[in-house]
Amino acid sequence: MVIINSTRFDFLDIIEPVTTYTDGYLLSLNLGMPPQVFQVYLDTGSDLTWVPCGTNSSYQCLECGNEHSTSKPIPSFSPSQSSSNMKELCGSRFCVDIHSSDNSHDPCAAVGCAIPSFMSGLCTRPCPPFSYTYGGGALVLGSLAKDIVTLHGSIFGIAILLDVPGFCFGCVGSSIREPIGIAGFGKGILSLPSQLGFLDKGFSHCFLGFRFARNPNFTSSLIMGDLALSAKDDFLFTPMLKSITNPNFYYIGLEGVSIGDGAAIAAPPSLSSIDSEGNGGMIVDTGTTYTHLPDPFYTAILSSLASVILYERSYDLEMRTGFDLCFKIPCTHTPCTQDELPLINFHFLGDVKLTLPKDSCYYAVTAPKNSVVVKCLLFQRMDDDDDDDDVGGANNGPGAVLGSFQMQNVEVVYDMEAGRIGFQPKDCALHS
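First residue of the sequence shown: 1, per the UniProt record's numbering; consecutive thereafter.
All clues stand as given, with none of them false.
Distance condition first, Cα-Cα at most 30 Å in a straight line; then the derived DSSO-like pairs of lysine-lysine:
| no. | residue 1 | residue 2 |
| --- | --- | --- |
| 1 | Lys358 | Lys369 |
| 2 | Lys232 | Lys426 |
| 3 | Lys232 | Lys242 |
Derived CB-CB ranges, DEER-like:
| no. | residue 1 | residue 2 | range |
| --- | --- | --- | --- |
| 4 | Gly262 | Asn103 | 52 to 58 Å |
| 5 | Pro269 | Ser80 | 52 to 58 Å |
| 6 | Gly197 | Met86 | 19 to 25 Å |
Since the hints were derived computationally from the structure, they do not count as laboratory data. The structure displayed is predicted, hence computed values, not measured ones. Don't be surprised by glycine CBs; every beta carbon is placed ideally from N, CA and C.
Taking the hints into account, I'd like the entire structure generated from these sequences.
Structural data, given as structure tokens:
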């Protein structure tokens, strides 16, 4: 295993293992010297990479559920245990970005730098603490730090360990509804691929099915670099759309949805374009679990599904789970994959028809009982005041979201060179 400390090689690729979690996908992040290892969500809908900071007992996460209660300490990064850790300075571009400041001098002014020092760029005070918000009321509070991030790479097929100094990340002391850290993969300057220099090329991921959740023995690959874009002639590519107001999201255009071999249900025109105020389009967001679609388009899809699915509805499970369509499916042998539920197809700009794997649409929410299992459609309605994850509502920002559940067993390529996103359904467990 060769160790290098730069990403400035045209022939370098980063290849990191990704594991399946209960509501998303996790990347292993190695920070500091010696490295401290953290499992963080892979999120294409945000830019900041952050980890819990302090001692294992000092990190506070509010409204994080029983799984992340104070009785189960969350692994936290200890800056004092890393010989290479530094605080980010108030005059850095990352500090200006995290504070969303139109005036690059604001952060240094906030920490009390004298005018001559911050006008000359010589103020050495640290970046002031930040708050970073997500949808659903989620929030993290922390400070920016710089340290070495260690990654797995490949040069001409030779495996390497790559030490990248000066990686900027959030050292978070408390949060609401965000328990374990996030690797931001958006288009902003703070994102992990941006800092590593891969946003001018691209990256790809192939998510395992949720049946592998919490099983560390099965991983799939996140790839950054030329390897992510090679041999993709059989992929279904749709152009990326651009938003002036939300430039860091990965937008695509959704033209319709079809059920089985039926005619496509037309999406509203707002989902295949973005207006001058930044509204519309569909974002590809691995930080959102389920695909969200707006009404009345979503209701029309539900009606079409209900009309062609002949299984008995489980209204009880619909009430208990919050999902809109649940059905009682005969099951004599686990894993209960044999059913007559219809396939669902997304129609994107560029005459692209993506047929989703059936397991990416329906999920068994009960164990088999009396030779019956209940499966639910795992799509959700995008309300005008939608509060899920990283996005706004149907009339405020993105009009729809392609979530990570619908991306399982689909290789997704973010081709930044050509300004397009590609899809190819495949068994990611066999291609990892």
